[in-house]
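Taken in sequence, the protein lines are chains A and B. Be aware that the first sequence starts at 1, since it is given in the working numbering, and climbs by one per residue. Be aware that the second sequence starts at 1, since it is given in the working numbering, and climbs by one per residue.
Note that these hints are calculated values from the structure, not bench results. Careful: at least some of the hints might be erroneous.
[Claimed, not checked] So, partial list: chain A residues that the calculated Cβ filter (under 10 Å) puts toward chain B:
1) A168
2) L172
3) G175
4) R179
[What the hints assert, rightly or not] What follows is a list of derived Cβ distance ranges for each label pair:
5) B/V237 to A/H40: 46 to 52 Å
6) A/R201 to B/R169: 19 to 25 Å
7) A/R201 to B/R238: 38 to 44 Å
8) A/R169 to B/A202: 20 to 26 Å
9) B/A13 to A/T225: 27 to 33 Å
10) A/T217 to B/A167: 37 to 43 Å
11) B/T217 to A/G230: 49 to 55 Å
All values derive from a computational prediction rather than experimental measurement. Using N, Cα and C, we set each Cβ at its ideal position, and we do this for glycine too.
Number of protein chains: 2
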Amino acid sequence: MVSELDVLLLPPAHQWPAADAYAVVDALRATTTAVLLLHHGARAVIAAESEAGARAVAQERGALLAGEVGGLPPPGFDMGNSPAEVGSHAVAGREVVLFTTNGTLALCAAAARGPAAAACALNAAAAARWLAERHRVAIVCAGEEHGTVFALEDLAAAACIVRALVAARPDLELGDGARLALMLPDPVTAIGASAHADALRALGLGEDIAAAQAVDTVQLVPVVTALGAGWVRLEPVRA
Amino acid sequence: MVSELDVLLLPPAHQWPAADAYAVVDALRATTTAVLLLHHGARAVIAAESEAGARAVAQERGALLAGEVGGLPPPGFDMGNSPAEVGSHAVAGREVVLFTTNGTLALCAAAARGPAAAACALNAAAAARWLAERHRVAIVCAGEEHGTVFALEDLAAAACIVRALVAARPDLELGDGARLALMLPDPVTAIGASAHADALRALGLGEDIAAAQAVDTVQLVPVVTALGAGWVRLEPVRA
Numbered sequence: 001m002v003s004e005l006d007v008l009l010l011p012p013a014h015q016w017p018a019a020d021a022y023a024v025v026d027a028l029r030a031t032t033t034a035v036l037l038l039h040h041g042a043r044a045v046i047a048a049e050s051e052a053g054a055r056a057v058a059q060e061r062g063a064l065l066a067g068e069v070g071g072l073p074p075p076g077f078d079m080g081n082s083p084a085e086v087g088s089h090a091v092a093g094r095e096v097v098l099f100t101t102n103g104t105l106a107l108c109a110a111a112a113r114g115p116a117a118a119a120c121a122l123n124a125a126a127a128a129r130w131l132a133e134r135h136r137v138a139i140v141c142a143g144e145e146h147g148t149v150f151a152l153e154d155l156a157a158a159a160c161i162v163r164a165l166v167a168a169r170p171d172l173e174l175g176d177g178a179r180l181a182l183m184l185p186d187p188v189t190a191i192g193a194s195a196h197a198d199a200l201r202a203l204g205l206g207e208d209i210a211a212a213q214a215v216d217t218v219q220l221v222p223v224v225t226a227l228g229a230g231w232v233r234l235e236p237v238r239a
Numbered sequence: 001m002v003s004e005l006d007v008l009l010l011p012p013a014h015q016w017p018a019a020d021a022y023a024v025v026d027a028l029r030a031t032t033t034a035v036l037l038l039h040h041g042a043r044a045v046i047a048a049e050s051e052a053g054a055r056a057v058a059q060e061r062g063a064l065l066a067g068e069v070g071g072l073p074p075p076g077f078d079m080g081n082s083p084a085e086v087g088s089h090a091v092a093g094r095e096v097v098l099f100t101t102n103g104t105l106a107l108c109a110a111a112a113r114g115p116a117a118a119a120c121a122l123n124a125a126a127a128a129r130w131l132a133e134r135h136r137v138a139i140v141c142a143g144e145e146h147g148t149v150f151a152l153e154d155l156a157a158a159a160c161i162v163r164a165l166v167a168a169r170p171d172l173e174l175g176d177g178a179r180l181a182l183m184l185p186d187p188v189t190a191i192g193a194s195a196h197a198d199a200l201r202a203l204g205l206g207e208d209i210a211a212a213q214a215v216d217t218v219q220l221v222p223v224v225t226a227l228g229a230g231w232v233r234l235e236p237v238r239a
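Looking at chain A on its own, in the form it has when it is part of the complex (with noise of 0.2 Å):
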C-alpha cells in the first residue's frame, strides 16, 4: 500500500529518486495519446527514445507509426501525436509505434529504473489504483526540450492523479512536488494554461488540449512491459 509519494517536475537529469514504480506524465500530448491508443483497442503502445528507432521498429513489427517533432507528425509518420484524432485512425487490434520529443524520452527513462506506466488527467484515478498498491510511488512530468524545461500541464495531470491518491491515503508522506500539487486550486483548467497549450492553440491542435482535461474517463492504464534497444512497450492493465 502506498505510503510515500512524490511529483518529480521535470526528469532528473542525473540520479533518479529510488521508487517502486513510476508514472510518467506529459499531457500535451503524448501520455493522453498513448491512453486514448489502448482505449480505442491497440494491442500493445510502443514508445520509442528517438524518430530513426521508430521508424525501424515499426517496419520491424509491422506496427503503426504516430508521433510529432515541432508538435507536427514527420513525413511518413501514418498518424500525429493528436489525442483528438485517435478515433479516427484504425488502431484496434494494432501495435502503435509513438515517438515525440518529450514524454517517450521520460517513459524509456523511467521504465530503465523500475516498474513504469503512462499517466494523464484521462486515466488519473486508474493510474491512483495502480500506484496504491506500491510503497513508495514517484509521478514523473515529461517536461518540454528534451525534459529540460517545465511544462505546467504536466504537473497539473499529476495534480489530478495526488488528489485521488491523497483522498484514498490521507496519512500519506509527501514530497515537496506533491505537496505543490495538491496546492494547484484547479488542475484541470491549468493543463490549459501553459505555454505549451498556447503552442497548441497556435498551430490549431487547440481540440488537443480538450481532449487532454477529459478527467478520469478512461479506465485503464498503459504498464511497461517489456524494454527492447531505444523503447518500451506498454500494454493496457485495467485498475
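Dock chain B against chain A, hints included.
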C-alpha cells in the same frame, strides 16, 4: 524594462536559459540569511561553493564565517545559517563568508552566467524592482540535495517576486514556472508547508521559518559584484 519572466524550479543541470539577470532564491535559508546580514550592516556577503573554500576565503580576508551542513553550523564557524539569529551577531561593517549546501552553490552557478542577485520573501518587492530594469529575467529556485530536489519554499518565495513584477507589468511574457508561481493561492503560508520547513521545526529551528515569511520587510538586494574562484561577493543595492 522587463518583458520575459520565468521561474526555474531547480538550477538547470546542464543548459541554462539565456537571461539578462538571475535572482536566486533559497528561502530556507541561505538567501534570507544573506539579505538579513546586509540589512544588519554587513559590508558584503561572500557566498562560497564549498566548506573548505569558505574557510580559506574567510581566513584570507579576516571575514566572519557563517553557514550550515545538515542544517547546523560546522565546527569553528562563527554562526550558523539561521536568519532568526542574524540580529544577535555583530556583523556591522564586516564581510561574512556564507556556505550552505544549496543556496550558495546556486548563487555561484547563476553568477557565472550573468548578473545575479539573492532574493527571498523579505526583499521580494526590492528584487522585483531590481529585475524590472532587465529585459529577460529568471528567478532560480536553489532546491535541496545540491540543487537536485525541488523545494516548495523556494517557489513560494519566488511567487512573491513574480506577483510584484506582474502587478507592475501585466503584459509580461511568462514561462510555465512563472505561471505556476502565480497559481499558488498563498505563497507566504506555502513557505512553511514544505518538507524542509518540517525538518527545521524538528531541529528546533522553527523561528527561521517565521523569519523567512516576513514578506517585503527589507528594501535591499544582495547583488553579485565580484566573482572569485569558488565564491561570489554580494553587496547591498537599494532598489
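The hints, checked one at a time:
Of the supplied interface hints, the one on A/A168 is violated, with its beta-carbon coming no nearer than about 21 Å to a beta-carbon of chain B, more than 10 Å. This hint is violated: A/L172 has a C-beta 13 Å from the nearest C-beta of chain B, more than the 10 Å allowed. Hint on A/G175 holds. Least Cβ distance to chain B is approximately 6 Å, under the 10 Å limit. Contact between A/R179 and chain B, as hinted, is supported at the beta carbon level, the nearest pair being about 5 Å apart and thus within 10 Å.
B/V237 and A/H40 have their C-beta atoms about 59 Å apart, which leaves the hinted 46 to 52 Å range violated. For A/R201 paired with B/R169, a C-beta distance near 23 Å keeps the hint of 19 to 25 Å intact. Judged by the Cβ atoms, the range 38 to 44 Å given for A/R201 and B/R238 holds: they are separated by roughly 43 Å. At roughly 23 Å, the beta-carbon separation of A/R169 and B/A202 lies within the given 20 to 26 Å, and the hint holds.
Remark: the range hint 27 to 33 Å for B/A13 to A/T225 is upheld by a beta-carbon distance near 30 Å. As the Cβ distance of A/T217 to B/A167 is approximately 38 Å, the hint placing it in 37 to 43 Å holds. Taking 49 to 55 Å as the suggested C-beta distance range, the pair B/T217 and A/G230 conforms, at roughly 54 Å.
Violated hints, listed in ascending order, are 1, 2 and 5; each of the other numbered hints is respected by the structure.
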